[in-house]
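**Q** Required output: the full structure, derived from the provided sequences and hints.
Protein chains in written order, with my numbering: chain A, 1 to 309; chain B, 1001 to 1309.
No lab work stands behind these hints: they were computed from the structure.
Treat each hint with caution, since some may be false.
What the hints assert, rightly or not - Quick list of in silico lysine to aspartate or glutamate cross-link-like pairs, EDC-like style, CA-CA up to 16 Å:
no.	chain 1	residue 1	chain 2	residue 2
1	A	Lys215	A	Glu306
2	B	Lys1291	B	Asp1230
3	A	Lys215	A	Asp298
4	A	Lys215	B	Glu1018
5	A	Lys291	A	Asp230
6	A	Lys215	B	Glu1017
What the hints assert, rightly or not - Simulated restraints, written as ranges between beta carbons of each label pair:
no.	chain 1	residue 1	chain 2	residue 2	range
7	A	Lys50	B	Lys1291	48 to 54 Å
8	B	Arg1026	A	Gly162	21 to 27 Å
9	A	Phe4	B	Ile1021	31 to 37 Å
From the three backbone atoms N, C-alpha and C, an ideal C-beta is built for every residue, glycine too.
There are 2 protein chains.
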Amino acid sequence: MSPFTRIARESVAALGEERLIALIRRWLGQVSPRTPFGIGDDCAVLPAAKGRQLITVDPVVYPRHFNDAVPARAVGAKLLKRNLSDLAAMGGRPTAAVLALTLDPRVSRRWLEGFYRGLAACARQYGVPIVGGDIAQSNGTVAASLTLLGACAGPRFVARTGARIGDTLWVTGRLGGSLPSRHHYTFTPRLAEGAWLARQAAVRAMMDLSDGLAKDVHALTPRGAAAAIDGSALPLRRGYDVRAALTDGEDYELVFALARGTDRDAFQRRWRRAFPRVPLRGIGRFTAKGKLPQGALDLTAFHGYEHLK
Amino acid sequence: MSPFTRIARESVAALGEERLIALIRRWLGQVSPRTPFGIGDDCAVLPAAKGRQLITVDPVVYPRHFNDAVPARAVGAKLLKRNLSDLAAMGGRPTAAVLALTLDPRVSRRWLEGFYRGLAACARQYGVPIVGGDIAQSNGTVAASLTLLGACAGPRFVARTGARIGDTLWVTGRLGGSLPSRHHYTFTPRLAEGAWLARQAAVRAMMDLSDGLAKDVHALTPRGAAAAIDGSALPLRRGYDVRAALTDGEDYELVFALARGTDRDAFQRRWRRAFPRVPLRGIGRFTAKGKLPQGALDLTAFHGYEHLK
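**A** Written as structure tokens, this is what we have:
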């Protein structure tokens, strides 16, 4: 669905600010807490939080993260799910979110309603109150940025750093073809999986895949090490090849390092008991730099998504 | 300063993502905490917070909130100060911030450096760590949105609701002409003042002025009441009139309701001891609707800033 309308009276600009805010409250429904715990004051008040918090911010921008082929409701859901995926990657659970929109005045009321209703449905599903927001005008722009607050789901969070040489590399789900397969907005953020993995002491480092494995894996790779990935072990989405799995981006799957010496079969069995329908695949390991084993992929031949290019 | 460059090699796009992130860390300097407490992982980890938190989100968008006449450093500082003003309006103090940028690829590296250095200097001044961020591309856009977390500076926060008929209305600083006088980016957020006011039990409701007093005061006005404002009492910025004071917007001053029966002179004396250089002016009171006293301004004749028009 196109975010824009040519009919002035169907635009958000025609609504006026007061009516728009009233509609937003209605579209958000029960995920919009009452003032001062939600929209309507200078700040929103958050209940006291126990322990460390997690915070992340990620946008959806037209036409980079969605285009006219993506339903408006799916855009709203994607915005929250992208951020939930970041939280999942540290073993977190969500607690609250705020939303900043930058909109062309010709954005249609219908598109905006779909966006908010999709966001609200997803927020309801994951129990995320939308406590604040802002809408600014910018010609030619349809951009939404969500800041998500969370807490550790268990006793610890898992950072990107912490892997060591000899650790094995694992990935959830299937990779590649995210855009043509519509996975980039139909995906399920791996919150339960991330929380489970964070409870396994042998999981030393973890992240979510957004720019393609070939690029993202560098952030997990310890100093002086290289990622030896077995191309034949990559879990490919049906119809897509190794190059797609390495470079397409927007997989929103988890990749993590498992401590050397962990019983791989036992780990896999426990995973299958916890998540019988989510594939988990060992795809390689970290070796000393310059000592890539025969058959390992040369990742320098693959380029993931480059921002601002 | 214009955010854009026509020289491709001086654009942010020419930098590439990795170099840009390294530069951002350098520009932010000490306000960018180390991973995982700052930029560089899927989420940033926040230290445990005691008590209720406050959260707000506000943007600066080109050319609405800044234009080529505003120095890049001032744009970065304005972004943080707008959010600090929201926090001040509830009696809060800042604890952490995350930043989302939406940039045209032709934005110049020089402008972006100025923006970040201005933001960092302001963040240093107010003790606000910048713990996370995101940069997305959007043609024709220069927009930055900041989410600010805070805590109550004292034992309570002050909401917009809570005023009663008979309460008097007060405003800090001077109003009007924010754009031509450059006040819209040179202002000082009223953090200390907001914290002090929140400690006064007689302060029943408070907000900051962003869209002009004539519009904003409705949010403080209790049901069945009207704001009776004495035009001659309004603290005018030199060179600007009552209309400017009521409608120009971007004043970033505090307006609050003081409980009926409070000793006004004693309150003023205590204020002057605490803030000898910040004007404080009683500008009217809340009366029953339809019972505006003679001489009170008819606010319906004045319109504040309307968003998305």
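**Q** Between the alpha carbons of lysine 215(A) and glutamate 1018(B), is the straight-line distance 16 Å or under?
**A** holds (11 Å)
**Q** Quickly compare the C-alpha distance for lysine 1291(B) and aspartate 1230(B) to 16 Å and report which way the hint goes.
**A** holds (14 Å)
**Q** Could you grab the alpha-carbon distance between lysine 291(A) and aspartate 230(A) and see if it respects the 16 Å cut-off?
**A** Holds, at about 14 Å.
**Q** That 48 to 54 Å hint for lysine 50(A) and lysine 1291(B) (C-beta), does it hold up?
**A** This hint holds: roughly 49 Å between Cβ atoms.
**Q** Could you tell me whether the CB distance from arginine 1026(B) to glycine 162(A) stays inside 21 to 27 Å?
**A** The hinted range 21 to 27 Å holds for arginine 1026(B) and glycine 162(A), with Cβ atoms some 25 Å apart.
**Q** Do phenylalanine 4(A) and isoleucine 1021(B) keep their Cβ atoms within the hinted range of 31 to 37 Å?
**A** About 33 Å separates the Cβ atoms of phenylalanine 4(A) and isoleucine 1021(B), which means 31 to 37 Å holds.
**Q** Taken at face value, is the distance from the CA of glutamate 306(A) to the CA of lysine 215(A) at most 16 Å?
**A** Roughly 9 Å separates the two Cα atoms, so the pair holds.
**Q** Could you grab the alpha-carbon distance between lysine 215(A) and glutamate 1017(B) and see if it respects the 16 Å cut-off?
**A** holds (12 Å)
**Q** For the pair supplied as a hint, lysine 215(A) and aspartate 298(A), is the alpha-carbon distance within the 16 Å limit?
**A** Holds: lysine 215(A) and aspartate 298(A) sit about 12 Å apart, inside 16 Å.
Going through the hint list in order, the structure satisfies each hint without exception.
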